[in-house]
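One line per chain: the protein sequences are P and C, in this order.
Numbering-wise (our numbering), the first sequence opens with residue 1 and increments by one.
Numbering-wise (our numbering), the second sequence opens with residue 1001 and increments by one.
No wet-lab data here; the hints were simulated from the structure.
There could be a bad hint or two in this list.
If you want the footprint, here are the derived chain P segments under chain C, 3+ residues with CB under 8 Å [said to hold, decoys possible]:
hint, region
1, 107-120
2, 217-230
Using C-beta positions, here's what the derived DEER-type ranges look like [as the list claims (entries may be wrong)]:
hint, chain 1, residue 1, chain 2, residue 2, range
3, C, S1097, P, H122, 40 to 46 Å
4, C, Q1298, P, H153, 27 to 33 Å
5, P, F22, C, Q1195, 40 to 46 Å
6, P, I121, C, D1252, 35 to 41 Å
7, P, P27, C, D1068, 56 to 62 Å
8, C, H1070, P, D199, 39 to 45 Å
9, C, G1307, P, R299, 50 to 56 Å
10, P, D240, C, Q1298, 41 to 47 Å
11, C, D1094, P, E202, 35 to 41 Å
12, P, R19, C, G1153, 15 to 21 Å
13, P, Q68, C, P1268, 44 to 50 Å
14, P, H153, C, K1012, 26 to 32 Å
15, C, R1107, P, Y15, 32 to 38 Å
Because the structure is a prediction, the values reported are computed rather than measured.
No residue lacks a Cβ here, since even glycine has one placed at the ideal position from N, Cα and C.
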Amino acid sequence: MTKSLIEARGLVRIYQVRRGLFGQPTPVRAVDGVSLGVRPGETLGIVGESGSGKSTLGRMLLGIDPAQSGEVQFEGKPLPRFGTPEWRALRASMQLVYQDPLAALDRRLTIAAQIGEPLAIHDIGRKEERAARVEELMSAVGLRRDQANRYPHELSGGQRQRAVIARALASNPRLLVCDEPVSALDVSIQAQVVNMLRDLQEQRRIAMVFISHDLKVVRNMADRVAVMYLGRIVEEASSDVIFQSPQHPYTKALVSSVPVPGKVLQGRMILQGEPPNPANRPSGCAFHPRCPVAADICRKSAPPLRPIGRERTAACHLIQGETAPIAA
Amino acid sequence: MPSNLVELCDLKVAFDGVQVLHGIDLDVARGESLGLVGESGCGKSVTWLAALGLLPGKASVTGSVRVDGHEVCGAPRSMLEDIRWGRIAMIFQDPSSSLNPVLRIGRQIAEALAIHRQLHGEAAKAEALRLMDMVGIPDARHRFDLYPHEFSGGQCQRLMIAMALAGQPDLLIADEPTTALDATIQAQILDLLVQLRAETGMAMVFISHDLGAVSQVCERVCVMYAGRIVEQGSIEQLFSDPRHPYTRGLFDAIPRIDGPRQRLIPIPGTVPNPKHLPEGCAFSPRCSRAQEVCRTTQPSLESMQGGRWLACHSPVPEPSQAARARILEFA
Chain P
1 MTKSLIEARG LVRIYQVRRG LFGQPTPVRA VDGVSLGVRP GETLGIVGES GSGKSTLGRM
61 LLGIDPAQSG EVQFEGKPLP RFGTPEWRAL RASMQLVYQD PLAALDRRLT IAAQIGEPLA
121 IHDIGRKEER AARVEELMSA VGLRRDQANR YPHELSGGQR QRAVIARALA SNPRLLVCDE
181 PVSALDVSIQ AQVVNMLRDL QEQRRIAMVF ISHDLKVVRN MADRVAVMYL GRIVEEASSD
241 VIFQSPQHPY TKALVSSVPV PGKVLQGRMI LQGEPPNPAN RPSGCAFHPR CPVAADICRK
301 SAPPLRPIGR ERTAACHLIQ GETAPIAA
Chain C
1001 MPSNLVELCD LKVAFDGVQV LHGIDLDVAR GESLGLVGES GCGKSVTWLA ALGLLPGKAS
1061 VTGSVRVDGH EVCGAPRSML EDIRWGRIAM IFQDPSSSLN PVLRIGRQIA EALAIHRQLH
1121 GEAAKAEALR LMDMVGIPDA RHRFDLYPHE FSGGQCQRLM IAMALAGQPD LLIADEPTTA
1181 LDATIQAQIL DLLVQLRAET GMAMVFISHD LGAVSQVCER VCVMYAGRIV EQGSIEQLFS
1241 DPRHPYTRGL FDAIPRIDGP RQRLIPIPGT VPNPKHLPEG CAFSPRCSRA QEVCRTTQPS
1301 LESMQGGRWL ACHSPVPEPS QAARARILEF A
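So here's chain C without its partners, still in its complex pose (with noise of 0.2 Å):
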């Protein structure tokens, strides 16, 4: 048995013949979190559901897609069904777009144990109505015949959230899942999928432009620019050093909440374009590191000390100047 649950192999997409995904690779093993994190266009959401064969027709998808050693990359559609859900679940940004409107929210978890455990009348209800306490709707009993609409943004998500779940799937993967909720219920369902993760056992990859959101459920990140994955590491290695200059620069731009005020420092310029991907590495033309070689020679992804992944020709200096310098800042 293979060790890992899925294996995406040279993934590469494109939309119209514009390349989207320029060949991603990334494991994820059981029971792992992975946090996938980088600015819109960047193609995390694009590597998931091409991987799940979600992407509508026009895409054309190439590259290996194996899931515990089966290649699912152009599988049959009901070899995909059963690894959707079953298998890989997915919640997405707007829970209120993915659940439907005019059925109840019981019916619609009790389909989807109808479909993945064979679970029919009392068993599905009885089976709903456990899922639906274990992500902390309140009075699920009564709250069973209920329309999406009469439940709030964060509690649509916590039941998407039990749909997921009814499947028993080995991996969740939540695409910015909090990203339209307020601070406060974020921070609930940040909590929630932590506790579920621990209860379940089940690997999950949160895909999130949220920094700070990624480091509180995540052990392992992967930073993407331009449908590539440039920096690869666990989340200590990640934000104590970041090496690649784009991750350096994302740390930068956030505004913090604690320690001094100061001036923020954006990277400049903005996100290439896909169909005019510059010269070399797609980062270059924002980055205040970039030498001759990174304008004509496109950096692979290369293994470093400690399992740490970097894709960068000049990456920021060692960690211990990187900081003595950050501590200074500080002081």
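Only chain P is shown next, with the shape it has when bound in the complex (with noise of 0.2 Å):
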């Protein structure tokens, strides 16, 4: 098994929330000890509900949220502290993508300036070559020569999310982190878009965290699954095996609740209630006011995420280990 490009231990973020104009700050764990690793070339896809933790989670492993507790190591040493020099240098390897594009650019710039950028803050290559780097990105992003000089309101939103990844990929990152990067495109474009970034990938090797709510794109894009609810990873396995037979509870409901196309609603699993707040985490298992198998230990105590068979792992009282023996 080949090293992880980046890796996370025990990852902890919590913020202060203010209930009122004078109410007491209360603690919110937004991540609540969450471990991964992400190999190079691999795509790991994070997916939850909204006030899961993906989006902390993905500023924590750039580093620019900081942790309260645990680590990330990034090709095996820990990255260094947000806004030192360090930090800086190493951004050149680690980028980000949003989803909204039009809040990423800046609309007085053209693309072009904006593609460009990065090579200027990294100091990549000398300035006349820069013009025919930024040539080189746009191609592989997609986007005509004649779009150079176009302001981003001049563009579609396919266009400038386009413009975003080619920004992003600059630098020559070896980790892409992408924060619901699709989401705001329609299906025909974020086809388009979520091929690209899959081309792009292969030919480039690149590492990549692909976040998203959509569960159909993320399989489609990753290798590998995460899915969080309330700041932790339930369920993570290959994304083959996870959208085929998921095994949490949680993730069973996630994959039946995804309208497929020409099917009837019937025999769906409908869960009740809504996520719960982060605030006012519920005791145990956080998934078990929700939860149909819900037995009287999930009230007790938290469930660790432990393996369930080949490379799969799960935090449930109720699964067993039955595909493989459990070592510890």
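Please assemble the complex out of the two chains, which come individually in their own frames, going by the hints.
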């Protein structure tokens, strides 16, 4: 097994949230003890509902959000502190793509200027070569040469997202964290961008963390998938396995909630209730109030994430490690 | 009495001289559930905003909109207000922006009841509580006096549906009602809509870009592209053998959750700008089956076998072949 490019151990991020104007700040554990690793060239999908901490986790992997506890190692070395020159230098090899390209682009700069910016910031190549590099990046993401001098508002949503991706690729990153990169796009354009990301990844062997609430897209992008619920990973497995035979009750519900075109509503597992407020975490397993099979033990103690099969983990008291004996 | 609840005939809409809707003909029968699918900017929302007279003044609307046989396009405001909410209710994508943030939720529902059913005081409160129960708000009695921000997104959408039901409408227009919601909550709301329709027998128009969601709640679907209906048919017909290349392209572009993982098949290009629509069929520049005639003449929506409608010069070949090809793909 190849070594992980990036590895996180026991990450915790707590926000202080004030309830009401004069209320006491209460701690919200947005990310609560998450460990994961991504190998070079691999895509890890992270799925979960809003408030499950998936975006916070993405930011923590890049060191933008500091961890209260736990640590991130990039290529075997601990991540430097946020804002330090070492951290800035390292950011050239780890980039982030957001959901809303219009917010991520500067509306007063042409897209060619923006795609070239990382080259100037990280001092890559000589000035004369940069224009050629920008052109190469634009063609790699499928933007036409004559679009170089356009401003973001002159492009369509899909083209803007392509520009953002080109910019992220400019510094030849080894890790790309994509936070809902195609959620704002129409179906036909979404497919274009998903295919493009897959191609770029294969050509450049970039490791990718792909965060999305859309299970169908994640299944298509990711090699491995981690499902998050209320700040914790509840199940992790290869993307083929997890969608075919989900084990954790929450994953089962998620998979069955995806409407399949052409199939009428029936026999689906519909969860009652809503994701709980992270500030007011249920005792024991955080999922137990909505879980159809919850037992007594689920209300009392939180299940740890443990192996339940080959390269497969889940956090549930009721799953037996039947596929393979549990190795401690 | 006419058989159809709502009949749209040659409905056209232009904003500042730019035509965005190019003549929509659409009937909604009593109790039926119709889906309207298309990408952003195809005019699926504008169609119904125009029909209900909800577009801003700068929009010019022509054509005919008949509700129960009465013409309402250009009708006086008082008549439109009777129809809106009373006969036809509409719910939108973002429930929190449709609710008044400074009014208690119970009062907002009671207000709708006062306007449309002349219920006041205790009677209104009792009915509002019944509606809240009906849409699945737990512990309605204690939450009657809460403000919208004290409810989650999914519950706000439930409250919007409760308000829409206040006028006992014959038709509920749901404009992307689940797009802003999480997957498990989306499943709950779709379920609720199906259940409410079964209980009340109202008709429903479900506007969405999500073909999966549409197929869960609708019986008939219209696919729209660039301000026109390009294909219309029952769910089974359309999903088993889409004939319009655009419909086919939409299906192919959706990643699948079952079956083998394969490369997605996108539709090349982008949706045309309504200011510069291509000559002929608006889809022709993106269409793999386009021929010479597609680039010069606009195809009209023609009736086909089995109650289907199609606007295409060179449709995807007959079902048998397409179906066989798909079976082979999965084998």
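Problem - Indices of hints not satisfied (ascending) - result: Violated: hints 1 and 8.
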